[in-house]
Each structure stands twice: as C-alpha cells, then as structure tokens.
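Read top to bottom, the protein sequences are chains A and B. Going by this note's numbering, the letters in the first sequence line up with residues 97 to 870, in that order. Going by this note's numbering, the letters in the second sequence line up with residues 54 to 188, in that order.
These are calculated hints, taken from the structure and not from any lab test. Any given hint might turn out to be false.
Stated by the list, open to error - The calculated lysine to aspartate or glutamate pairs, modelled on DMTMM-like cross-linking and capped at a C-alpha distance of 25 Å, are:
| hint | chain 1 | residue 1 | chain 2 | residue 2 |
| --- | --- | --- | --- | --- |
| 1 | B | 131 | A | 405 |
| 2 | A | 380 | A | 405 |
| 3 | A | 682 | A | 667 |
| 4 | A | 749 | A | 454 |
| 5 | A | 359 | A | 667 |
| 6 | B | 147 | A | 756 |
| 7 | A | 760 | A | 843 |
| 8 | B | 150 | A | 299 |
| 9 | A | 682 | A | 664 |
| 10 | A | 760 | A | 664 |
| 11 | B | 131 | A | 413 |
| 12 | A | 359 | A | 664 |
| 13 | B | 131 | B | 55 |
| 14 | A | 380 | A | 843 |
| 15 | A | 760 | B | 104 |
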Amino acid sequence: MTNARQLWITLIILLVVSFGVLLWSGREIEIAKPPLPELVVSESGETIYTRDEIQRGRQIWQSIGGQQLGSIWGHGGLVAPDWSADWLHREIIAILDGWALAEHGSPWAELSEEDQNALQGRLRARMRQNTYDEQTGTITLTDYRAEAIRGVSAHYESLFGNDPATEELREAYAMKNNTIADAEDRRLIGAFFWWTSWAAATERPNSNITYTNNWPSEPLIGNRPPASMFLWSAFSVTFLLAGIALLGWHYARTHAHDPEPHKLPSTDPLRSVVVTPSMIATGKYFWVVLALFLLQILLGALTAHYQVEGQLVYGYEMAEIFPYSITRTWHTQLAVLWIATAWLGTGLYMAPAISGKEPRFQALGVNVLWVCLLIIVVGSFAGQWLAVMQRLDISQNFWWGHQGWEYADMGRFWQWFLFIGLMIWLVLVGRALWPALRTNNESRSIIALFFLSAVAIGLFYAAALMWNEHTHISIVEYWRWWLVHLWVEGFFEVFATSVIAFLFTRLGLIPVRTATVAVLFATIVFMAGGVLGTLHHLYFAGSPTPVLALGASFSALEVVPLAYIGFEAYDQWRLSGATAWMRRYKWPVMFFLAVAFWNLVGAGLFGFLINPPLSLYYMQGLNLTPLHGHTALFGVYGMLGIGLVLFCLRGMKPDLVWNEGILKTSFWCFNIGLAGMALLTLLPLGVMQLLAAINNGYWYARSEQFMQQPFVDLLIWMRVPGDTILAIGALTFAIFVASLWLRPRREGDAIPASEPKQPGIEPPPESGKPANAE
Amino acid sequence: MEAFYLEIRNVHIGAVLASGALFFLRGLGVNLFNAAWPMWAPVRYLSYTIDTTLLTAALMLMTIVHQYPFVHAWLTVKVLLLVAYIVLGSFALKRAKTRNARLAFYVAALVVFAFILSVARAHDPLGVFVSGRVW
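Pulled out of the complex, with its shape left as it was, chain A reads as follows (with noise of 0.2 Å):
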C-alpha cells in the first residue's frame, strides 16, 4: 500500500468517526437543550408570557438584525449589550431594589455589606430554582419575580421605541429610534429575552449548574464557571502541548533528511497555458470582489464609527437610512462572499486550465453563475434592509428579509439560490476536471483533494439550511456552526492548504508525489481537530457538558498544525526565489506567506486566546472575539483570495509587466493595518473589558457604563489608522487591477516560437537546476 492510499484511508476513517461524533453531540444537545415553556405565570396565576409570545418575540429580534445588533449568550453583536446577561441583571437589581425597599426602606446599593450579602443569598437560591413543570410546561416564578420583569419589559419597551428617556442609552448602543415600530412587538421582544435570561440563570434538573454552564459570569447570584470548566480547560492546554509534541516529532523524522533532488523547469510553465473563453470569462469575477471588498471597508468604517457618535456620521444621520444593525450586517456577509468569489472564481480558472478540455458552453455557464451572484448579493442585501427598517412584514421575514443568525443572515429564498449557486459552481468545476480526474497518472489525488474541499465548501452550506422559523435557538446555533467552523477551520484550510500546494505542483517547484503526500497528511491534522472543534462555540448555547468536554478538547488540536505553518511559509518563501521566471510570481506567493504569518497569529495565538473553556467564559462577545476574527478571516482566507486573484491574473494576461510598486504599497498596507486594527484597538480594549467581566460580571463589560468611557473612547478612535492603511492597501489592489485593463503595459520579449503553447498544465517535464541545488 502507498502512503498516499494510507493516508486516504487513514482521512477517510477520521471523517467517518468525527461527522458521527458530530451529530451524537446534536443529539445530545437536542435532548439537553433548555425548554422553551408553554406558559410563564405567576404564582397568584397571573399569564406572564406565552410559549407564542417567546417565539413571536424572537421573530422581532431576528427581523431587525438579531445576532447583528447585541448579542444572547455571547453571540453576535458588541456595542449593543448581551441581551441575555443585560435583562438578567436588570431583573436581579429589581428585585434586590424590591426587597431592599420593602424591608430596609433604601435601594440595595445603599445597605450595609451585611444586609447585602443576606438579600444576595436569599435572591441566589430561587432565581437558580427550576420551577420548569414538565408535565404542563409551565414556569412558575414568584410575584416579585413577575413584577421585575414588568419593570424590565418596561425598561426594554422604552428602549426599542422612540422615548426621549432612553435616547442616550440608544445613542451608546448604536440603535436607531424606533428599532421596532410597534408597541405590542417592543413587547414581545423581551419575552424573547427574558428566556434567554432564564436559561442563563436557572439550575438544569438534578445539577447545580444553569442551562448555559453558568454563562454569563453574574456574582449576585453565583454564576461561576463550574468545576468542568476548570477541568476542560487545563485539559486542552494539555492536549495542545501533546500535539505540538507529537507533530513535532513527525516534523523532525520527515524534514531531517534533505528532500530528493527535483529538477526544476528552466521557464514558466504556466506561461504557455491556452488561455480558454471560459477561464477569460473569470475576469467579471475578480471585478466584483474588489468591488465587495471595497464596499466591506466602507461599511466597517460606518460601524466602527456608531461606536462614537451612535446614530450619526460625522454629524450625518446615517442611521434613519443605514442603521448599526444593516451596516454590521453587510460587513460581515461580505467578508464571506467576496473571498466566497475569489475562490469561485479561482476554481472555475483552474478547472480548464489543468485538464486542458473547455467543456461546451462553459463560458456560458461562467457568464450565469456571475449574474446569479449578482442577483444574490442585491436581493438578499435588499430584503435584510427593509426587514431591519421595519418595512417587511413579519410573516415574510424569514424567506425574504433577515435571519437574524451571524454570518447566516440572508433570508431562507437567498440561501437556497445560493446553495443553488454553489451546486452550478461544482458543477462547472467538475466537469472541467473531469477528464484530468479520469487520468490515472500521479497528479490525480491532489486533484482529486482540490476538488474535494471545494465540493466540502458547496455542500456544506446546506447546514444553513437545516433550521427552520421556530426552531429552537441551540439547535440552530448548532447547525450555523457547522456552517461557519466547518467552512473556515475545516474546509477552508484544505482548500487553501491543498490550492498553494496544488499551484506549486503545476509550476513544477515541488513534486507531485512530495506535495500530495504533505497535503492529505495537513489534511488529516486539520480535520481531527477541525470537526470535533465546532463544539467549542457551542459551550454556553444550551449544551450538556460531555459538549463542552468534547469542544475543549479537539479544539485545542487545531491550533497545533498552526504551530508547524512556519515549515510551509519558509518552503514557499525558499521557492519563490528558486528560478528566474519565479519573480513573476513574487506578489502572490508574498501574499500566500502572509497567509501564513496571519494563520499563526490570527487563527492560531489570538484564536487559542479566547478557545478554552474558562477563557471563552469571560471572553465570549468582548472585542478578543473580533480580534480574532478580523486576523482570521482577513489575515488568512482574505489574503489567500487576493493571492488567488493575482495568481489568476497572472495566467489570464501573462504577458502583461505588472506595476510591482504599487503591488508592495498594497501588500504593506493591508499587513501593517491589520496589524494596527489589532494591537491598537481590539487587542488593549478585549484586555480591559476582560478585566471587567471577571471582577464585575460579563453584563457590565458590555454596558453603556463601560463602553461609554474616554479611555475606551479613546481605544476605538485608535482605529483610524490601521482602518486608514488598509483602506489604502485596498484602493492601491483595485488600482493596479484596474491598470491591467484600462493602462496594460506589455513585456517586450513574446513567447519565443518555440515554446508552442499547451491545452492544460500538466506539471513540467523536469530540467533545469535542481530546487535544492542552492
């Protein structure tokens, strides 16, 4: 047996185990999730809500942006606060207060630490009481209980209007006046929360721990990380050194002998590819991610700024027409799709390009899939704006306007046509590399992993398609999930791992035997903690605790490959130097090592910051989450489409002389001013709202009370210049793009007659110098 079949069969097994592990864990989730009630009443009978008015309630919150405006459980929004931990203590100062009134005749800030400690005790025992009755599914709650919570749905009801007694609270939460249109739905909204809250709260039965794991961090009434928390924690560490150790050691056994000699091609292989009309009907593509990439730095800018001036925009009212809620919501959806296009693109380049057949009418198809994407991105960004204006109609919400789910937002009728999108996109692709498929010669495994992932990215959208209207809110964080880690810290990181390897094949750097045996064994590391690790998310979204074991502990295992990446960055950065014709590459291999540079810090360091257990406890929703976010998505997958694009454009217009200055201002630029978003802002800010919610409770690390200090002020201003330079970078990209089509600049030398060009790019015959000759 090879060691590539091995290797096959090795994936093969570790994906079988990990998916069924996966959905065990759903099942488990589903059996533990918190019960959504028939009926909350009081115990003098008095109907607080209805189990219609918390799921009608949810609607609302969905229908004005949902996760993108404030957060439940940790998920979702920052300026805005964590609803969930936001009505919890609101609910609980109400009731000390009551009390505190009633018997000591002054708010329970004012008594004595005795008096205070006596109220806290009390209050600790029977907010945490389950008076969840099975049977009729009824919650009971105490009357003092019941008339906190109408002074809270007060609070809430004010708060979503138009009251001038809230103003400046919507002005600190970057919310529009008159969020929600109508009196009785600004109701309903807090019975939304207000569940949330009492998940969040209240003892799972036969445990002393809350629905959440005891999420969020509340001293007043106990909320703790439990002793698992601890436990899982100081395991992952344990684990992530064991990985390290282990790989490690295989790094050592395979990198301590030389690499066979390879012979290298004495001129570019890639430079006498026939070019065909479906790989020249890519170019639209590249168009449209600068244009969505360029249109996502506009709208970060706008929501970074809410954060200081609310609703307005340098004096602008920007938020009676684009809201936080709509901008933040567009931000992220196109981080995902103009990477999402690159790589389209890039796919349906290739495809032609390595087999050397252009099926019939792919051009065609090419040419449909553009405008299907098109359509896709101005239908869906439509309905998410009227829904958030409160100009859909509830009942049409969920197909057309705003799902609510970060990262999964569109309405259901876009991710249908998206997952359509995607399938034509396989389709394309496959049939392209068909014929290199069928033929039996060496290169067909790495081919057959590059069409692998990229058939793992189109059909795993389909988990976004696995929740409907009602379903109950840990089930739907679960399949999201599946959907955002199993794309970025699963398939993405094949895809990107195997395309580099892959192009290096094709320009005959590395051999395809030594590149297909790196990439299945990368793929293997990443997917044995890359599947399981999508619990990690999970840990306070209603999970049972063999959850939150199983999260920590494969999680931690995807940081481990990341330890190892400066072996692939230094194998890029020595080939691409190892012939002359290479310099032609030298910007989208740059940009390929910044891929990696940002995978170990981003992914890796600022990743493995907020991934264990107790640290995700606190850290949850505080600006560490974007810290790694931004560094991730646009450190990594970012830089890999703009690597991808040039890459591409080098191929379709070989014989153009590329403006390299502007191409390093670019590069710059994006590198140093992800670097000053990070170290200026993100990084110092998560610090000190961390330091809050561990000595104060996680609700007032995201209260007004918090975020609206000078300092933090400060911190958030700092943003402008690292936001500036990679604006800058990005204009500088879309500049030199542009050039090659408005101002092309043509190389001197043709293509001697000679070299005759070539359907396909089969790896080069070796010549030349050996790659290690050096």
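Chain A is already provided as a structure; the job is to place chain B on it using the hints.
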C-alpha cells in the same frame, strides 16, 4: 471623549506643524539643493505617519465639537484646500517635470498651507482675510 479634548487638539496642532515643517524641509531639499534624502523611504514613511496621526486627531475633534465639513463652511474650505495642498505638494516634490515648475508648485503649496492654518485659527472660511493673521 470630551475629557481628552485638549490633548487631542494639541496632538492635531502638533501634527499639523510637523507635517508642514517636514514638507517645507523636503521642498527645500528637492528644489534648492537637488538632494536625494527628501524622497528616502524613512522620510516618506515619517510623512505618512504624521499625516495619519493628523487625520485621526482631526476626525476625533470633529465629533467632539460637533462641527463637520460640508456642514460648517470653515471645515469645508479646510478639506477642499487640503486636497489642493496634497496635489500641489505631490507636484512640488515629484511629479512636476521641470525645476521651475516644481518650485512654483512648492511656493503655491506653502501658500495654501498657510491659508489653511489661518482658516483653522479664525474658524472662518475667509481665514487670514478676516482675522488678519496667519497664526
């Protein structure tokens, strides 16, 4: 944010003076001494750093004092003249083809810079023509 108003204002003014002084020296170097150092990478990066600081402080001040370009005339004039200053400066240091042309652009850029200062001091779009002083 208002708590840091004076500090931010001082940073803004300091960056303005540093930016102007650096341009003045680079222009002298290019136009009078035909020197190479004004275009050295560290000098250019220093200029970018100062200008980014200046811009950040300016944006912060706008939101503190609630005065904005295209709403308040003196800020509108400042922004438009800033664009003119950047273009003139670019020609003065690099883009103009002859030495005389570079010199003319250099003088024009310095005049525009001085007028921007006077607009900032007077909080009036007419700047020096109202207040009677550049600084």
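Which earlier hints can't be squared with this structure?
-> 2, 8
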